[in-house]
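K.L.:
Generate coordinates for the entire structure from the input sequences, incorporating the hints supplied.
There are 2 protein chains.
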Amino acid sequence: MLKKIPEETITRLSYYLRALLFFKEKDITIISSKRLADFLKISHHQLRKDLSYFGQFGRKGVGYSCVRLIESIREILGLNREWGACVVGFGNLGRALSFYKGFKDEGIAIKAAFDISENKVNKDYANLKVYPLEKMEKVIRKEKIQIGIIAVPKEAAEAAATRLAECGIKAIFNLAPVKLDIPKDVIVKDVDLSCQLTSLTYHLKLLEAKQS
Amino acid sequence: MLKKIPEETITRLSYYLRALLFFKEKDITIISSKRLADFLKISHHQLRKDLSYFGQFGRKGVGYSCVRLIESIREILGLNREWGACVVGFGNLGRALSFYKGFKDEGIAIKAAFDISENKVNKDYANLKVYPLEKMEKVIRKEKIQIGIIAVPKEAAEAAATRLAECGIKAIFNLAPVKLDIPKDVIVKDVDLSCQLTSLTYHLKLLEAKQS
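Going line by line, the protein sequences match chains P and Y.
All you need for the numbering used here is the position in the first sequence, starting with 1, plus 75.
All you need for the numbering used here is the position in the second sequence, starting with 1, plus 75.
Keep in mind that the hints are not guaranteed to be accurate.
Identical copies carry no separate label here, and so any pair may be met within one copy or between two of them.
[To be verified] Derived pair list, reagent style BS3-like, types lysine-lysine, alpha-carbon separation capped at 27 angstroms:
| no. | residue 1 | residue 2 |
| --- | --- | --- |
| 1 | 229 | 204 |
| 2 | 285 | 217 |
| 3 | 176 | 264 |
| 4 | 229 | 186 |
Read the hints as simulated data drawn from the structure, not as lab findings.
P.N.:
The structure is reproduced here in structure tokens:
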């Protein structure tokens with residue numbers, strides 16, 4: 076039986092992967108947990124604890140092989156294959172996500188976008204087709220889409236998520252700043268950009284207090 | 076002397092704030108730590124631990140007053156005032172961020188955008204002015220901008236961050252999928268969307284394994 080792995084460990088694994096790719100590009104083959112942790116501004120205890128959930132990596136006193144750890148993390152995260160995704164909402168954010176290079180680099184292929192606006196649908200944008208919502212079920216099945224990315228205004232987010240769930244989607248990446256109330260068997264990852272940004276205002280406030 | 080507060084605690088505070096606003100809108104005045112934690116799918120121990128860094132909130136066996144806790148978290152995060160921000164890079168992502176309602180709701184006002192493209196600069200987009208990079212220092216001073224948001228391609232991100240730091244910016248919100256090497260006195264919050272998304276592929280992989 077697998078131990079319950081904290082959600083934050085999973086997210087950090089992606090950051091370890093990103094950092095390891097950075098070092099690999101600089102021709103670094105072996106890296107210590109301390110150096111990797113310092114680079115990411117976390118403690119090396121945290122790094123080692125996160126990895127320990129998945130097995131034994133690296134050699135004590137030597138470090139991790141970049142290439143091998145990259146391969147292992149990709150396998151853990153399911154990135155050693157392609158995933159099909161769709162974007163719901165083709166406004167500025169939807170467009171940004173549809174053509175976000177970072178997704179493609181990790182094997183996440185945006186296969187289709189959906190929008191309610193008649194001006195946007197049934198057109199091709201740089202090889203991406205934008206469909207009306209009525210086509211969702213058919214397109215998701217045809218394109219074998221497994222991940223739904225929500226980039227609609229917050230008022231429309233829950234309806235979009237419900238529709239995706241009805242079409243069989245089991246994983247939703249939600250960028251609308253709202254909690255979704257949808258079936259429990261759908262995995263939702265909320266990325267609320269304003270929540271992320273407000274950690275900066277906290278630090279700015281401390282900085283101002285120090286200076287005054 | 077304040078205890079060192081984990082970065083993740085700060086981020087979670089924003090999510091607590093968002094959830095409390097949700098409950099307040101539903102006319103809920105008192106909420107237990109368990110209900111709040113369940114709503115956010117975290118443990119109530121975590122919630123209580125996070126809040127304990129900042130003092131004593133709520134009453135044992137009763138719960139938190141939504142209004143009071145909202146006020147306290149806003150004060151902790153420095154959200155009881157306005158902050159000026161600018162967006163560097165006015166592509167799809169830059170536009171999405173410039174007009175992101177969630178920022179405005181939390182008192183983060185986008186005062187200007189910057190871009191290198193001559194087609195985009197010196198124009199107004201829905202009351203937001205886009206400037207060429209050469210104007211950065213002047214605009215940042217004039218508009219009292221304290222936060223820089225990076226939405227340029229990853230190859231250009233470090234140059235953008237360096238320029239922001241030279242213009243006196245102490246807080247950077249980085250959406251380019253790359254680690255920035257800039258002066259230590261600048262606070263950087265990296266939001267790598269692909270890192271966030273890959274936690275979904277992890278769960279999808281587990282789900283498939285369970286079904287097969």
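K.L.:
Which numbered conditions among the earlier hints are violated in the structure presented, ordered from lowest to highest?
P.N.:
none
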